[in-house]
Amino acid sequence: MSDLISILQENLPKIQDENQKASLQNAIQLGVPSMKNEEWKYTYYNKILQQGFKPVLVADQHVNMFKMMGSLTVEKEFIDEYSVSENRIVFVNGVFHSELSSFINHPQINLWNTNNVSENITSDFLLELNNAFASDGIFLEIGDHVVVNDLIEIFYIHTKSSDIIQLKNKIIVGKNSQVKLAEYYINYDEAPAYLNIVTEMQVAENAHTELYKIQDGGKVFNITDNTFVKQDKSSVCTVNTISLTGGITRNILQFDVNGERAETHMNGLYLLENEEHVDNRTLVNHNVANCESNELYKGILGGKSTGVFNGKIVVKQAAQKTNAFQSNRNLLLSNDANIYTKPQLEIFADDVKCSHGATSSQIEDSELFYLQARGIGKEVARGLLVYAFAAEVVENIKNELLRNKLQERIAELLKIEL
Amino acid sequence: MLQIKNLHASISSDSGAKEILKGLSLEVNAGEVHAIMGPNGTGKSTLAAVLTGKEGYDITEGTVEFEGKNLMDLSPEERAQQGLFLAFQYPVEIPGVSNANFLKAAVNEIRKSKGMDNIPPNEFLKLMREKMELVEMSKDFISRFVNHGYSGGEKKRNEIFQMAMLDPKLAILDETDSGLDIDALRIVANGVNKLRTKENAFVVITHYQRLLDYIIPDFVHVMYDGKIVKSGDKDLALELEEKGYDWIKELSNVEI
Ligand SMILES: Nc1ncnc2c1ncn2[C@@H]1O[C@H](COP(=O)(O)OP(=O)(O)OP(=O)(O)O)[C@@H](O)[C@H]1O
Ligand SMILES: [Mg+2]
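Chains Z and C, in that order, give the protein sequences.
Okay, so the first sequence: first residue is 1 according to our numbering, each after it adds one.
Okay, so the second sequence: first residue is 1 according to our numbering, each after it adds one.
Hints in this document: simulated from the structure, not taken from any laboratory.
In this text the structure is predicted, and so the values were computed from the model without any measurement.
Each residue gets a CB set at the ideal place from its N, CA and C atoms; glycine is no exception.
Hints are not guaranteed to be accurate.
Derived DSS-like pairs: lysine-lysine, alpha-carbon spacing no greater than 27 Å straight-line [stated by the list, open to error]:
no.: 1; chain 1: C; residue 1: Lys69; chain 2: Z; residue 2: Lys378
no.: 2; chain 1: C; residue 1: Lys114; chain 2: Z; residue 2: Lys405
no.: 3; chain 1: C; residue 1: Lys104; chain 2: Z; residue 2: Lys405
no.: 4; chain 1: Z; residue 1: Lys398; chain 2: C; residue 2: Lys104
no.: 5; chain 1: C; residue 1: Lys114; chain 2: Z; residue 2: Lys398
no.: 6; chain 1: Z; residue 1: Lys415; chain 2: C; residue 2: Lys69
no.: 7; chain 1: Z; residue 1: Lys405; chain 2: C; residue 2: Lys69
no.: 8; chain 1: C; residue 1: Lys230; chain 2: Z; residue 2: Lys378
no.: 9; chain 1: C; residue 1: Lys5; chain 2: Z; residue 2: Lys160
no.: 10; chain 1: Z; residue 1: Lys405; chain 2: C; residue 2: Lys22
no.: 11; chain 1: C; residue 1: Lys198; chain 2: Z; residue 2: Lys378
no.: 12; chain 1: C; residue 1: Lys234; chain 2: Z; residue 2: Lys378
no.: 13; chain 1: C; residue 1: Lys194; chain 2: Z; residue 2: Lys378
Cβ-Cβ distance ranges computed for the label pairs, FRET-style [to be verified]:
no.: 14; chain 1: Z; residue 1: Lys398; chain 2: C; residue 2: Ser143; range: 51 to 59 Å
no.: 15; chain 1: C; residue 1: Ser75; chain 2: Z; residue 2: Asp351; range: 23 to 31 Å
no.: 16; chain 1: Z; residue 1: Glu408; chain 2: C; residue 2: Lys112; range: 14 to 22 Å
no.: 17; chain 1: C; residue 1: Lys18; chain 2: Z; residue 2: Asp189; range: 27 to 35 Å
no.: 18; chain 1: Z; residue 1: Lys321; chain 2: C; residue 2: Asn40; range: 49 to 57 Å
no.: 19; chain 1: Z; residue 1: Ser360; chain 2: C; residue 2: Lys18; range: 27 to 35 Å
no.: 20; chain 1: C; residue 1: Glu239; chain 2: Z; residue 2: Lys415; range: 48 to 56 Å
no.: 21; chain 1: Z; residue 1: Asn404; chain 2: C; residue 2: Lys112; range: 53 to 61 Å
no.: 22; chain 1: Z; residue 1: Glu400; chain 2: C; residue 2: Pro95; range: 36 to 44 Å
no.: 23; chain 1: Z; residue 1: Asp365; chain 2: C; residue 2: Lys18; range: 17 to 25 Å
no.: 24; chain 1: C; residue 1: Arg210; chain 2: Z; residue 2: Asp351; range: 27 to 35 Å
no.: 25; chain 1: C; residue 1: Gly16; chain 2: Z; residue 2: Lys353; range: 49 to 57 Å
no.: 26; chain 1: C; residue 1: Gly179; chain 2: Z; residue 2: Gln317; range: 51 to 59 Å
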């Protein structure tokens with residue numbers, strides 16, 4: 001039996017809440033994901049655990065928290081590096097940090113930090129683990145007819161911790177409302193960190209939401225992100241998943257489109273080098289007619305990195321006149337990098353338009369030579385071409401301030417000047 | 001400025017090495033304009049590729065010196081940084097890279113090689129505007145991706161614009177006139193003429209005498225089967241226009 005399972009069993013008697021207890025029992029039952037499981041075929045979960053992470057109950061965790069609280073200069077620096085807004089919610093090692101946070105007052109926007117347990121029993125180990133151990137998270141409720149212009153930023157900041165940091169968010173966006181949220185995943189030490197996070201979002205009728213996930217936690221930051229979105233009619237939801245630096249990252253992104261004329265956009269970028277590993281798994285359930293989904297994920301893989309893309313689109317029988325497009329394109333910069341890409345279409349309606357495509361390519365010698373012939377050194381030339389490949393995804397980012405920040409950051413990572 | 005002596009170059013293909021340049025010699029001095037003409041497939045673009053350092057060619061014999069340095073020792077970017085420029089016969093499309101970012105990188109890399117700081121942004125913009133005017137290019141092109149979706153003529157014009165931006169010592173123009181309409185031809189030729197100085201030089205590869213009415217060459221060379229078989233002044237171009245290449249081919253057969 002794995003170490004993690006025995007730790008879970010030790011924790012079982014300490015848990016009071018019935019739902020949490022049930023989740024933990026279920027997690028023990030399900031067992032740690034193994035590569036024999038089709039969904040985990042290319043991601044070795046134990047590789048995260050082997051770095052010594054353990055789940056810790058909320059009560060025990062706060063003790064650690066106080067130990068690390070000191071001057072906040074480092075945290076502030078990291079926040080300033082990215083922040084483009086005054087609406088800021090900050091978690092440090094899984095605990096809400098009021099001193100670093102600031103938030104608009106609006107009668108129709110309610111924010112709580114919470115670790116409310118979801119009552120859903122799932123068949124997913126990581127969700128159940130999160131149910132049992134989540135220490136905190138946001139509960140953001142935006143009323144009807146509210147337009148929030150400024151980006152709402154959520155920072156997950158980590159520093160030296162062998163705890164599996166677990167957060168749970170719930171975001172409810174009311175009818176005709178508009179909101180943009182950005183999540184930043186940050187780890188500022190050389191010491192490994194691991195975040196297992198679950199976000200549920202409900203987008204009501206005719207509401208518009210943009211969600212940005214900016215994963216830039218350095219090469220020892222591991223993330224398992226689980227995001228579930230429910231969309232009502234005529235709503236528009238865009239999720240941008242930008243993985244810039246990280247250890248092992250797994251992003252689950254799932255949509256249930258439950259109202260007609262809804263639009264779903266998924267926009268992803270992963271920029272990998274060394275041994276970095278990103279596994280993106282998206283699922284769109286088209287449950288009703290006349291909806292559209294659009295997906296573009298682009299990956300750049302250098303070193304010995306690994307990218308996994310699994311994009312599933314399910315068009316239920318009732319979902320006539322669905323338009324679903326999916327594209328996964330990869331640029332391989334080294335012979336030792338690997339990409340495993342798999343589109344999955346399950347279509348049960350007959351009057352639909354669906355397309356998918358996956359490509360992997362290399363830098364074109366003719367393009368490289370053209371740049372060199374203008375005096376641009378090989379390294380910078382490669383950087384420019386990689387940047388160009390990524391540009392399409394970055395250009396899809398509607399928020400200009402954030403887009404500019406990301407452009408700068410990507411240029412920095414590629415060692416080019418713009 | 002440029003001395004090519006008995007240059008032999010071959011390309012490695014599936015069917016083994018194939019010699020394309022077969023003992024080519026050419027000398028270009030500062031202030032001169034040379035035209036190279038010759039039938040399709042005789043190695044004109046190959047010469048340009050070898051000079052600019054494209055991979056895939058073996059130099060089996062001969063020497064090339066540029067400003068007293070062995071050109072073949074330098075990487076393509078070093079050659080460009082030393083002042084060599086090629087206006088490509090087939091300019092490459094680079095989706096995702098804007099002309100502004102592309103040229104800023106080029107200008108700064110060239111400056112860096114000379115120990116200079118990056119060009120100040122407003123100075124760069126001013127330079128762009130000025131040189132765009134020279135080739136009558138619309139300002140939209142500043143932010144458009146390099147050659148991406150351009151018409152044939154726009155691509156050629158963009159090559160000359162880049163040349164103007166980088167101000168090379170020696171520019172090789174490989175069929176820059178083909179694909180240009182009559183007005184564009186005049187604009188591009190005028191642009192070249194305005195950039196001519198006593199310090200720089202041009203090698204103009206073309207099939208048409210027409211271009212040479214605008215850019216008047218000091219020398220015209222005829223290339224056939226991998227070498228220069230006849231050289232003369234601008235009247236040679238007129239003669240070729242009139243008589244075609246058959247007499248040149250015979251000429252080279254006699255020599256062999
Ligand atoms: N990669 C290659 N493999 C084999 N042969 C090649 C390759 N590239 C060029 N060649 C051959 O080399 C010869 C010279 O080509 P080059 O493009 O230099 O001719 P050119 O004089 O520029 O012709 P044009 O006037 O049509 O532009 C041609 O016969 C061409 O087919
Ligand atoms: Mg040619």
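Let me make sure I understand: some of the numbered hints might not hold for this structure. Which ones are they, in numerical order? Result: hints 2, 5, 6, 7, 8, 9, 10, 11, 12, 13, 14, 15, 17, 21, 22, 24 break, sorted rising.
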